[in-house]
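Chemist: Here is how the chains run, residue by residue.
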Amino acid sequence: MSEKKPSIQADLKENEVRNVNRETLGLSQRQIVVRRFVSHKAAMASLITLIGIVITVFTATGFRLGFGSFGVTIPGWWPFSITDIDPEGAMASVCNGGVTGCPTLDLKPSFIDGDGIQFGMHPFGTDIIGTDYFALVVRGAQQSLMVMVIVSLLGIIVGTILGAIAGFFGGIVDAVLMRITDMFLVTPVILIGAVIGFKFGNLGVVPLALMLGFFSWMGLARFVRTEFLTLREREFVDAARVAGASNRRVIFKHILPNAMGIIIVVGTLLMSSAILIETGLSYLGFGIKPPDVSLGLLISEYQGTFNISPWLFWWPGALIVAIALCVNFIGDGLRDAFDPRQERNISRKDRSNARK
Amino acid sequence: MMLVIVFGASFLAYNLQAYSSNPLSGFAESTAVNKEFLMAKVIRDLQLDVPPPIRYFSWLRGALGFLWGDFNLGLNREDIPVIDLLAQAIPVTIKLVISATILAIVLGISVGMITAIRQYSRFDYVMTFISFLLFSLPIFWVAVLLKEFMAIRFNDFLVNPQISTLTIIIASLFLGLVLAGFAGGTRLQFFLVLAGGAVFTAVTVTFMEFSNWFLEPSLGIFGVSFLALCNAAIVILLISGLESKKGRIAGLGTAVAITALYYPLQLLMSADASFINVVAIFSITISTGLAIGYAVSPIDRRVYTRIGLFTAFLSTFPLIIDRYLREFSDYLASDAVNGRPVPTIGQGKDLLTTKQSENFWISGLDTALHLILPTIALTLISFAGYVRFARGSLLEVLNMDYIRTARAKGLTERTVIVRHGMRNALLPLTTILVNDFAGLLGGAIITEGVFGWKGMGQLFNDAIRGYDMNLFMGVFVLGAFLTVIANLVADLLYGVVDPRIRIRK
Numbered sequence: 001m002s003e004k005k006p007s008i009q010a011d012l013k014e015n016e017v018r019n020v021n022r023e024t025l026g027l028s029q030r031q032i033v034v035r036r037f038v039s040h041k042a043a044m045a046s047l048i049t050l051i052g053i054v055i056t057v058f059t060a061t062g063f064r065l066g067f068g069s070f071g072v073t074i075p076g077w078w079p080f081s082i083t084d085i086d087p088e089g090a091m092a093s094v095c096n097g098g099v100t101g102c103p104t105l106d107l108k109p110s111f112i113d114g115d116g117i118q119f120g121m122h123p124f125g126t127d128i129i130g131t132d133y134f135a136l137v138v139r140g141a142q143q144s145l146m147v148m149v150i151v152s153l154l155g156i157i158v159g160t161i162l163g164a165i166a167g168f169f170g171g172i173v174d175a176v177l178m179r180i181t182d183m184f185l186v187t188p189v190i191l192i193g194a195v196i197g198f199k200f201g202n203l204g205v206v207p208l209a210l211m212l213g214f215f216s217w218m219g220l221a222r223f224v225r226t227e228f229l230t231l232r233e234r235e236f237v238d239a240a241r242v243a244g245a246s247n248r249r250v251i252f253k254h255i256l257p258n259a260m261g262i263i264i265v266v267g268t269l270l271m272s273s274a275i276l277i278e279t280g281l282s283y284l285g286f287g288i289k290p291p292d293v294s295l296g297l298l299i300s301e302y303q304g305t306f307n308i309s310p311w312l313f314w315w316p317g318a319l320i321v322a323i324a325l326c327v328n329f330i331g332d333g334l335r336d337a338f339d340p341r342q343e344r345n346i347s348r349k350d351r352s353n354a355r356k
Numbered sequence: 001m002m003l004v005i006v007f008g009a010s011f012l013a014y015n016l017q018a019y020s021s022n023p024l025s026g027f028a029e030s031t032a033v034n035k036e037f038l039m040a041k042v043i044r045d046l047q048l049d050v051p052p053p054i055r056y057f058s059w060l061r062g063a064l065g066f067l068w069g070d071f072n073l074g075l076n077r078e079d080i081p082v083i084d085l086l087a088q089a090i091p092v093t094i095k096l097v098i099s100a101t102i103l104a105i106v107l108g109i110s111v112g113m114i115t116a117i118r119q120y121s122r123f124d125y126v127m128t129f130i131s132f133l134l135f136s137l138p139i140f141w142v143a144v145l146l147k148e149f150m151a152i153r154f155n156d157f158l159v160n161p162q163i164s165t166l167t168i169i170i171a172s173l174f175l176g177l178v179l180a181g182f183a184g185g186t187r188l189q190f191f192l193v194l195a196g197g198a199v200f201t202a203v204t205v206t207f208m209e210f211s212n213w214f215l216e217p218s219l220g221i222f223g224v225s226f227l228a229l230c231n232a233a234i235v236i237l238l239i240s241g242l243e244s245k246k247g248r249i250a251g252l253g254t255a256v257a258i259t260a261l262y263y264p265l266q267l268l269m270s271a272d273a274s275f276i277n278v279v280a281i282f283s284i285t286i287s288t289g290l291a292i293g294y295a296v297s298p299i300d301r302r303v304y305t306r307i308g309l310f311t312a313f314l315s316t317f318p319l320i321i322d323r324y325l326r327e328f329s330d331y332l333a334s335d336a337v338n339g340r341p342v343p344t345i346g347q348g349k350d351l352l353t354t355k356q357s358e359n360f361w362i363s364g365l366d367t368a369l370h371l372i373l374p375t376i377a378l379t380l381i382s383f384a385g386y387v388r389f390a391r392g393s394l395l396e397v398l399n400m401d402y403i404r405t406a407r408a409k410g411l412t413e414r415t416v417i418v419r420h421g422m423r424n425a426l427l428p429l430t431t432i433l434v435n436d437f438a439g440l441l442g443g444a445i446i447t448e449g450v451f452g453w454k455g456m457g458q459l460f461n462d463a464i465r466g467y468d469m470n471l472f473m474g475v476f477v478l479g480a481f482l483t484v485i486a487n488l489v490a491d492l493l494y495g496v497v498d499p500r501i502r503i504r505k
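Sequences listed follow chains D and H, in order.
Using the numbering used here, you'd call the opening residue of the first sequence number 1 and step up by one each time.
Using the numbering used here, you'd call the opening residue of the second sequence number 1 and step up by one each time.
Be aware that a few hints might be false.
Said to hold, decoys possible - DSS-like cross-link-like pairs, simulated, lysine-lysine; straight-line CA separation at most 27 Å:
# : chain 1 : residue 1 : chain 2 : residue 2
1 : H       : K95       : H       : K409
2 : H       : K409      : H       : K245
3 : H       : K35       : D       : K199
4 : D       : K199      : H       : K409
5 : D       : K289      : H       : K454
6 : H       : K454      : D       : K199
Said to hold, decoys possible - Derived CB-CB ranges, DEER-like:
#  : chain 1 : residue 1 : chain 2 : residue 2 : range
7  : D       : D238      : H       : I299      : 55 to 65 Å
8  : D       : A45       : H       : K245      : 45 to 55 Å
9  : H       : R122      : D       : G52       : 21 to 31 Å
10 : H       : D335      : D       : L153      : 50 to 60 Å
11 : D       : A45       : H       : M400      : 27 to 37 Å
12 : D       : R179      : H       : M400      : 30 to 40 Å
13 : H       : R122      : D       : F169      : 13 to 23 Å
14 : H       : R44       : D       : L153      : 38 to 48 Å
15 : H       : E209      : D       : A45       : 35 to 45 Å
Treat the hints as calculated values from the structure; they're not laboratory data.
What you are looking at is a predicted structure, and each value in this text was computed from that prediction instead of being measured.
Heads up, the beta-carbon is just placed ideally off N, CA and C, and yes, glycines get one too.
Chain H with its partners taken away, still in its complex shape (with noise of 0.2 Å):
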């Protein structure tokens, strides 16, 4: 069934396509003397004599070769193998999109879901105002802002990194108010909140300005183990609530061990490591915080072992960042950078030095940077989005009889929140997160246009203005394929999910 409908859909495409471009109108003002025989080169080429359904055809007998070991989706106008394009962009595009999409996620759900369950305060109101805005707006817009305000701005500022004593206000109090929307509580603990992040942020950004932090990140051990520290906090509430003891014990404790590998750790972190590095020191937090979880208590054992694996998981990313980061004062010495590390444009420097690209960090760093402009666009558009379809899931799952039960028996607010709420709210984001993966590929199009990328989205806009039918045709499928997928691992996955739905048959 599935290949009927990419059949179908190909067909379409195709003759669409082949209708509507004319690879002949490059020659209407050409002057060559031989523009006979060029165009009839081209027509012999092309095949241009065959009416486009017929010629479709040809094309389906190469596309269709896998089911015989003998998949040929053609050559290009410059006889290059479609194939070999499309394997060369589609890693391209993955990096560009996969860091965006998962913060995209993360970001939108926990937001979405604080909103459904603050539903009416002001926090609620001010977010639905913000994702309504962020839905609205056309993506080369954002693009366009944020090159300037963050990019050539940064860059100048980081020329002579002084903060105005206004600023640190203004960005103190918003962060204050950020999270003291977050918290909610009674107006007494609102404010107090508000007070507390406020002035945490502006000591630590006067710090951070004082101690020439911008010109020389690093976290160092006390950063690493502040930020281990928060995350045990928030995974303990999560998923035991802060009252259990040893809840406590697991996530701090996996919280003070991340603190003590700190050193242990730089030894994998040289100069020469490599990916398996990375990997490596994953294995030993999370079996480190899963050990701890393990030892603290016989009873829930279960309970307590996630709590050390997603702590010692969540904090390995600072201890990885703060490696990154102590390169950032070299790379931003390099030639090719010459002090304005934000790029607006591309999607790596060739201009590194050979000992400088061969480095696992200072190469990871130079593709963060140019990460970091194209992910806070595609963050922001799609952010929206799940914010608003989280809030709904939330809102509705919360208003079930099941809830009432759960909160009528006696069981905590938290644990009706968490285990009876969020899960099942979860529940239908299943088919919405596969589809959405699947339909990064057009939203890639614009963005790597802005951007500077050679991923899929180049190879479409080349196709299309080349007037390459094999190159659009191998773009068009693979999107189609991946939309057909996406659609079945959906199915099969909410059967997997929620047990009330199995595929019949």
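Next comes chain D alone, as it looks inside the complex (with noise of 0.2 Å):
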């Protein structure tokens, strides 16, 4: 501490604030968020990831779109399906002394085992009477990411549209519509979602989710709320109402744009606890039933078998743990972008300086 000179400290502060400046000049702020969005590297590796597993997710064993007969079945890549037995390839892949349906995916080299990278027929292996493991796997994180995009979307329309209104108008509006955001509050959502996939579990997933969706507005609406009341009584608000622009002009073009990054981030946060709520509900048994898979009824099938078989268990759970990593890391990286005040570009200075 005490070798620092005040002057030359002053001067790069000065420095970094004129960087900063010049970094931002002339850019509308989407450009701003995108570029401190693309320029968070945790946050990026997790974007691509995502992107990643969810078009594997949803090209290998194809998915049905429509409902009930009405719809079209998209054919996937991959060879096999939820309802294939394949017991010859499950005997064919033998290890640990005699279990079979062994993963046969090999990440060693050859010249550590000496057979090589491959994937082999079954790369996840086979449960107990033979079904492709890879192929219940994708089926079950397609029920979850579903879910996932359901229960958020609709989380993020209605807790829009109830926030901004209670925070726009206020008053006797705000009061009512507070009240029952409450309560619906005071309600523990997991609660409401074992009512609710006790009954609506073995309709599908899509009934689930939406009535999930329905349950998981609360947060947003509240957030909304606050934002919409302080950014009300902005400057700029005034200063558009004086041009004579109408509620709904103000709402839209005024005041909502400027509350996308609460929206966008709370409703990222959403998406994983969603995911998380998904796959708990379906662990517990009132979640998605047989024949139908999910991540959490996977588990739940297959904890005991973790001494015999544990690939049955690992895969499920890494690929919950992923995709819920992954968003939670997109959601801190949006925060960042949206967060004016955050300082970006860590210098040298602000390393040396955690160190003391």
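With the hints as a guide, bring the two chains together.
Modeler: Set out below in structure tokens:
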């Protein structure tokens, strides 16, 4: 601390401020946000990983669009489906002294164990009766991702509308809407989720996700309301009003774009909690039910065989963690990107200061 | 207002549950001769012929009974009063979650604050990654892993407690790294702490292995006094700074006094001890600490008394843990345990002989061992949230103008961070804490399911699967009430701790 010269430090600081200004000079807010997000390494890596997972999961075994007997099934490139049973393939892969259906995925190069890097017939192994485990896990991940997207979209739409109305109009509207929000808020999501899941779980993933989404907008509504309350009093809103803008114009053109940051960030967090809730419910037997597949269901089904065939337990868990982790990192990157006070460009000085 | 909210929420939940459950579904495949009669009986008992929105009010009349002293949540489908079931289940759930919550709060806040102080350090990056990872873990998955690696492997290990040299080296380096990360400092200091921590761990673990510690564990007077000194050092560092001579006297004096009290206090810890004895021990040690702190100096008396108080309070825990540990070998040898002490499921062994279950220390040890896995699982999950929150909160405070003022007027870095920074950073945490206590019920459902505890989560599970309306509403209303009360307490508490915010009429 003692050997630092204050005048040089002040100079450095000033330089930094100038640099930051130059960086954002002449850019729109959206450009600044995108630029900041792109420079957030962990968030970008997570985004790429997540996109990779989504593409793999939705193209591999194919999925069905539409309801009931109406709709099209889009075929995938993976040779097995969750209903195909392949006992010969399972018997062919033996490990750990006689356990069949082991993963054929081998990531060790040939100079370690001589087999070389290969995927084999069933890279994730097969389950007890010989169903390809990759197909099962992919199907489960499809369900979880769908729940995640539907829940967060519904939560964002309902939460934003209610929060915006409450915050913008205030008064009695605000009071009534917030009491309703409180009413939903005192009901723990998992309790409601269990009730819903027990009823709708066997109908498939979409009804379950819709109902869950209908009970997860409250946090966002509160955030949006607070944001609207403060933005409403700002000068640019007054200016717009003086220029004769209607309520609709003020909300959509002036306030909503400024509240976008908080909406996106809270929406992302909603996604990661949605996937954990869905898998938790399915694990307890309140969510998606057999014969359909979910990651939580796979874990609860195979937790007992951990000693014999651990891969049946590892793969679904690893996928849940990977998806939730990616979403959380993306959320963190977005929060940094939308936060105007955040200083990017961690300098050498900051690093050395960190060690003091 | 609160009542109205709970009323609305319960109305919502009642109808949701009523319309989504069908108590008659069990009869669909029934081949009983008197099927019609049984169905009619269920319909009459559960008043299924009344539409749910109206049926709700007959339930509400009982629930509102507390206004005129006739509180009644109805009977469950086995005709047991729901209130009795809840009364049995609540203590179990509280027991399950309380230690995990406290542990997560203490660890999370301290780690979070350290990462904030060392922002952008390697420690910060590593902890940020770890907290994100923990944040993304499903608890049931962690639970299965813990059962496998903490319980089953540890029990196997106890059969023949021998640790390989490689394990010792890895564990020592890991602990050294953690310590060094906490301590920070220049590169030289970092490596010194790392080396010191690693050597210390290696020596301790080797000693433990050769002294057969894992089968007959105890801290002994040396362990207790060592831990007391560590506690004293931390307390002094936080409250007065290590350079204060009187602070050192108060803290270390208390630690020495606790060590001196080790043998006298054993008298209070006989086999027929009870909870009152534990309270007595705490009051003795704490009053000793207070007295020492008080006697140190008439100037700044409050500071030194506080050092004595906190040191004594923290150092009593090793004293008591030591007593529990000394029962371990007996416990391990008993028939019910049969050499496998860490259970994967359940909330207590009922196979213990009456003599053992009457022994306060053995039954306590039994409960503690059953709590280990759920506590670790819950702590890991909720730890991350506190780390993120404490970090963000302290960073925000450290950017304030009054922190710059405090630095400018020449206060030491310790005073600035502890007095001006941490205290203000803790303010918003009160809200989070209170809300988390209310949210624990939701979290307990999965945890109880995984570890086979019979608390609120179990009741809820039974209620949904058994289409038990009254039981369901009982659990639900309790949860809703907890949340509402927690919000109220948080608002009031915030007004108390933060004078800037007073509730405006």
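Chemist: At the C-beta level, are R44(H) and L153(D) separated by a distance inside 38 to 48 Å?
Modeler: holds (45 Å)
Chemist: Falls inside 21 to 31 Å, the C-beta gap from R122(H) to G52(D)?
Modeler: At roughly 28 Å between Cβ atoms, G52(D) and R122(H) fall inside 21 to 31 Å, so the hint holds.
Chemist: Next pair to validate is K289(D) with K454(H); report whether the Cα-Cα distance is within 27 Å.
Modeler: holds (24 Å)
Chemist: Holds or violated: K199(D) and K409(H), Cα atoms, limit 27 Å.
Modeler: The given pair, whose Cα atoms are some 65 Å apart, is violated under the 27 Å limit.
Chemist: Does the Cβ-Cβ separation between R122(H) and F169(D) fall within 13 to 23 Å?
Modeler: violated (50 Å)
Chemist: Just tell me: holds or violated, for the beta carbon distance of D238(D) and I299(H) against 55 to 65 Å?
Modeler: holds (57 Å)
Chemist: K454(H) and K199(D): Cα distance at most 27 Å?
Modeler: Measuring from Cα to Cα gives roughly 24 Å; hence the hint holds.
Chemist: Would you mind confirming whether the straight-line C-alpha gap from K95(H) to K409(H) stays at or under 27 Å?
Modeler: With Cα atoms ~48 Å apart, K95(H) and K409(H) exceed 27 Å; violated.
Chemist: In this structure, is the beta-carbon distance linking R179(D) and M400(H) contained in 30 to 40 Å?
Modeler: holds (35 Å)
Chemist: Take a look at whether the Cβ-Cβ distance between A45(D) and K245(H) falls inside 45 to 55 Å.
Modeler: holds (52 Å)
Chemist: Has the hinted range 35 to 45 Å been met by the Cβ atoms of E209(H) and A45(D)?
Modeler: holds (42 Å)
Chemist: Range hint 27 to 37 Å: satisfied by the CB atoms of A45(D) and M400(H)?
Modeler: This hint holds: roughly 33 Å between Cβ atoms.
Hints 1, 4, 13 from the list above are not met by this structure, while the remaining hints are.
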